[in-house]
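Number of protein chains: 4
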Amino acid sequence: MYFASDNTAGVAPEILEALGRASTGYALGYGNDEWTKRVEQRFAEIFERELAVFLVPTGTVANSLALAHLTPPWGAVLCHAESHVATDECGAPEFFGGGIKLVGLAGAGSKISAATLRAALTGQWGGPHHVSPAALSLSQATESGTIYRVAEIRELSEIARARGVAVHMDGARIGNALARMNVSPAEATWKAGVDVLSFGATKGGAMGAEAVIFFDPKRGANMQDRRKRGGALASKHRFIAAQIEAFLANDLWMTLARHANAMADALAAGLAAAGCKPVWPVEANEVFAPITLEADKRLKAAGAMYYPWPSEGMSVGADKMLVRLVTSFQTTKDDVDRFLALVGSE
Amino acid sequence: MYFASDNTAGVAPEILEALGRASTGYALGYGNDEWTKRVEQRFAEIFERELAVFLVPTGTVANSLALAHLTPPWGAVLCHAESHVATDECGAPEFFGGGIKLVGLAGAGSKISAATLRAALTGQWGGPHHVSPAALSLSQATESGTIYRVAEIRELSEIARARGVAVHMDGARIGNALARMNVSPAEATWKAGVDVLSFGATKGGAMGAEAVIFFDPKRGANMQDRRKRGGALASKHRFIAAQIEAFLANDLWMTLARHANAMADALAAGLAAAGCKPVWPVEANEVFAPITLEADKRLKAAGAMYYPWPSEGMSVGADKMLVRLVTSFQTTKDDVDRFLALVGSE
Amino acid sequence: MYFASDNTAGVAPEILEALGRASTGYALGYGNDEWTKRVEQRFAEIFERELAVFLVPTGTVANSLALAHLTPPWGAVLCHAESHVATDECGAPEFFGGGIKLVGLAGAGSKISAATLRAALTGQWGGPHHVSPAALSLSQATESGTIYRVAEIRELSEIARARGVAVHMDGARIGNALARMNVSPAEATWKAGVDVLSFGATKGGAMGAEAVIFFDPKRGANMQDRRKRGGALASKHRFIAAQIEAFLANDLWMTLARHANAMADALAAGLAAAGCKPVWPVEANEVFAPITLEADKRLKAAGAMYYPWPSEGMSVGADKMLVRLVTSFQTTKDDVDRFLALVGSE
Amino acid sequence: MYFASDNTAGVAPEILEALGRASTGYALGYGNDEWTKRVEQRFAEIFERELAVFLVPTGTVANSLALAHLTPPWGAVLCHAESHVATDECGAPEFFGGGIKLVGLAGAGSKISAATLRAALTGQWGGPHHVSPAALSLSQATESGTIYRVAEIRELSEIARARGVAVHMDGARIGNALARMNVSPAEATWKAGVDVLSFGATKGGAMGAEAVIFFDPKRGANMQDRRKRGGALASKHRFIAAQIEAFLANDLWMTLARHANAMADALAAGLAAAGCKPVWPVEANEVFAPITLEADKRLKAAGAMYYPWPSEGMSVGADKMLVRLVTSFQTTKDDVDRFLALVGSE
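Protein chains in written order, with this note's numbering: chain Z, 203 to 548; chain X, 203 to 548; chain G, 203 to 548; chain D, 203 to 548.
If you're looking for bench data, these hints aren't it; they were derived computationally from the structure. Each hint should be verified, as a subset may be incorrect.
Which copy is meant is left open, so a pair is good if it fits within one copy or across any two.
[What the hints assert, rightly or not] Keeping only pairs whose Cα atoms sit at most 30 Å apart, straight-line, the calculated DSS-like set for lysine-lysine is:
{"hint": "1", "residue 1": "Lys393", "residue 2": "Lys522"}
{"hint": "2", "residue 1": "Lys239", "residue 2": "Lys499"}
{"hint": "3", "residue 1": "Lys239", "residue 2": "Lys393"}
{"hint": "4", "residue 1": "Lys502", "residue 2": "Lys239"}
{"hint": "5", "residue 1": "Lys420", "residue 2": "Lys535"}
{"hint": "6", "residue 1": "Lys535", "residue 2": "Lys479"}
{"hint": "7", "residue 1": "Lys522", "residue 2": "Lys502"}
What you are looking at is a predicted structure, and each value in this text was computed from that prediction instead of being measured.
Can you build the whole structure from these sequences, using the hints too?
Shown next as structure tokens:
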């Protein structure tokens, strides 16, 4: 019953095997290898267009490099106030961007609405006194387990681009979002106005492998320099590429994401049935639900792992607490059933 | 015959197996796992003292975080002019350090001599007009395949520390250096005055795993913040820890390093016998030797991989070229023999 | 009728004369001159303690150097959401701090309340995932022309310091605040818990001269290096010192500030009498008042200079607009009377 | 006998008077004033072309902003190893450039030769491993009091530009250089290939006023943001503009520079006659000459001010020392004569 985070899971067996296969023989370092070439090719196919790909070992560095590449030092990134880039990366985007400013916008379920974005962009911006909005960063799925639908992405992108603001998508859980929407990767990204995507594989089932994807390859010029001086160019690069190759092969990433989502759905349904209805739509692999303090005790005693997740301004009653439950490719139906049994046994 | 670099090798089987074992079950992310705890404990044993360890995915980020932690923005790092930190990291230490200055010192075989360091420290330093020397960075082994002996490290450290300059060791190939000297890790590092060590495992046989080690744990305060905002904190951290755990277990790292060194020795001996005496002492796993242009053609035709390595101010004659040959844990005696046969077959 | 800003005024005659006197003869550059020594001495007397002073040419650089010195790169500065450092310096503190985060707090009249600060400090802070609060920055006077009273400063400082958070005061208009409160500089700063003060002279009547004052001189260690590499060490430093010397001599700064405050008071009284009561207490040299659109037309036609100042969430009626009026040492009673006549002539 | 530096002089009377005149009345801050517009216009006339001008208070910030604007974070600035930007600004260009690398080239008399530049550019450059050369910075006059002639600037610029390297000129003493060469400002700058000029007025006779001039105005896009966030946008901007306006009016800058140069010539001639021939050509307002230790004692006793200036690798004999003598607009013939009398009285 390990629902603390999807990064507590291991590595999908197909990916582990790919690492083993990649370890035979020799290959040039720093991305000059066949695995990397094949991954680049594969991404171009999946996204149905020419693009520029940069593989990196962590999600933090993927987001930070992407935002720093889109934003001049005097620029601002508009993002949700609860977004990972704004709150959970210890200022990494600010560091990589040479002191850029992340401007947090409000919005229910960790989503930015079109109205909020429009209002934000009418504020005082621009030099010499004010920073200039340069990028909009959307988390897909969000920190509340919700997702941006294609029409929403398109509307936000249009507002942003009309102001010369580029669109970044933090896709640490993009597989979960795509699996839910059942739209093509292209439709949910560049065709809807996304300029740069942090494509996440680690949470989805890899060991440590992320990709920064520029849908306009020219925008990726000099990213290789930025990645290297950002300490994020792996010397035995083929092992990052091999992870992603296996992740993408035979639609493994979608299979894994669908499983995680299904486990979240099962949790959500069971919790609702037990009177603990999730507070936000369960659209990816995260469930935020109020459970009783009694249930919490029982669950903890039984070894369940998850975090309390107090939400500012949201009251769930004195005898309840809001918790976050994250499922992964590794979550079993048995885990879910045992968890639900403990929740509802009062 | 793959002598291009030690990062062209794969992963040692013991390490691959450890990754597989680590992938079962769940573990908290970001270093809050048992593998990480065990690695920290193991390093303390190996180095015979309390210390602070920070695992990271690349050597560039290990060096950059270490140097940034030792050096205020108005500080300078003294290093060899040919050192990896100065020439091959695209300015990563400067970036991580907020614009610190790397001051390259001269020296045969990529080694800094005590006299050179002393002279450098008598220059114009200190605020407000000049940067202040804050760290000395020694590469072990060096970019020329030479090593600093314990007495040399001690002398350089004493000179540095007398000026308040901390001592950093870029140990991307520290295993090779230790294997050659046959001294304990403690003797060759903190007992000789090293304050911070970038401990390399990737080149030695891991997939992508390095450690920044502060011998005085207090010096490592806030490194966890710097690492995170440097994009170098792995979410599935146990997989970096598992690599290093296997690398250290049963002295695997020393076994692998000794093999690589032995292969370099065999190359060096054969080359010398063929009239292509290495130009610098072969003290680790790199051989720099002049080969004839004819031999180069034959080797290339046979698929041998290596880089030409012109050395400023060193002439090897019009019909020869200086090449760099790097061995690894994966190099076979057969590779070496075939290479030597092609060199000497004229 | 020039109420656009206090930086539209010229230079107080006493200060101009001091510049002329300082221009005779020679003096060593970079602060090694007698003017600088005397200013340091004078500040120590005025603030009744040993301190460290660093003179700089602009207020932006004074604030940025001060905040960067108090805040590690992984740190946060808590400040009012409308504060100058947060909104009007184009990200300068973020740049000087190597990517620090400025966290904007809410509060009426641009003031942070104790309750707000307390609540802010109970949030999620600290590494490795979150930035750490390192400094509280208070604007004195604020962007709304209000001031922090001594008891308020003390309460806020106690809350901050209890959390290890240093207290910075942006004193671009500290003279106006002190003149209003009629307390000693010491009482309103370090005795109330302020660690570092950006002491402003430019807006008060100088040409371009500010001082960063560390009340604990040890905290100012290496600020000379930071100032130099921040481009803020004047070579003919005596001319910044001479400005401040004259500003401080014979209490000129207080005389000038009292005059500016009196002019603001006269404006406020007249506006209130004309039915345009200022929306925030007039406690320094700024008045924020709603005037009719008709009055605005008349004023503009007569050449009056001031800025509209829409305040988020504050409605002043469809036929009125909120404007900001800033007085200075140079403002005349005649200016004020003419302005008021035009406001009220309906 | 104040030869310590040209920044020990005061302010030219014409400039002081201009400051007084500028102080009457009101003017918008931050460069939105008539003085600034006139200065921009005047520079365009003097340099015979459209250009973009940014006034700043110090030479350090002028150079740092200019180099940061020309150089991406992964770029390098090629400059003389003894240049002010490389040695005397405490790493300011590195800071402003987000960690750029300054690569010091050798050359007699602090000048870079075409051959040296050509050789430097054939080295290992470019991503992802190496930084990329982005700017060449030439000091005019140099730190050794020599100057680059127009043909030399043109040759160096051609070499640089052929590699996509922009050309910056640190013109802290450009007036002295132009006065010596008797060529037009245009000929010695953009017509010879200079892209950006740090135009110095402070050393020439102003109080604290420098200009960054982009000869291609488009290159200056967003410099206003960089200047502001670099803390270098003066609020009472007209007072920097007024200094430069007076400096440029009636060729005052040339008159002042010619005087300083003539005083240096007189010193040089007298020293040569006394057997203390300057070691580098005296082409601006600096003289580097060996004087006897006895003369040094006499001069010091008489209150003469100057710095010893040991030059690496240059021996002037055991009984002599190399000193630097800097003249300024304020130096008198009497100062020179007294100095020479003391030198030669043995």
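Evaluated hints:
no., hint, result
1, Lys393 x Lys522, "neither (43 Å within a copy, 45 Å between copies)"
2, Lys239 x Lys499, "between (51 Å within a copy, 28 Å between copies)"
3, Lys239 x Lys393, "within (24 Å within a copy, 46 Å between copies)"
4, Lys502 x Lys239, "between (47 Å within a copy, 23 Å between copies)"
5, Lys420 x Lys535, "neither (45 Å within a copy, 46 Å between copies)"
6, Lys535 x Lys479, "within (19 Å within a copy, 66 Å between copies)"
7, Lys522 x Lys502, "within (15 Å within a copy, 60 Å between copies)"
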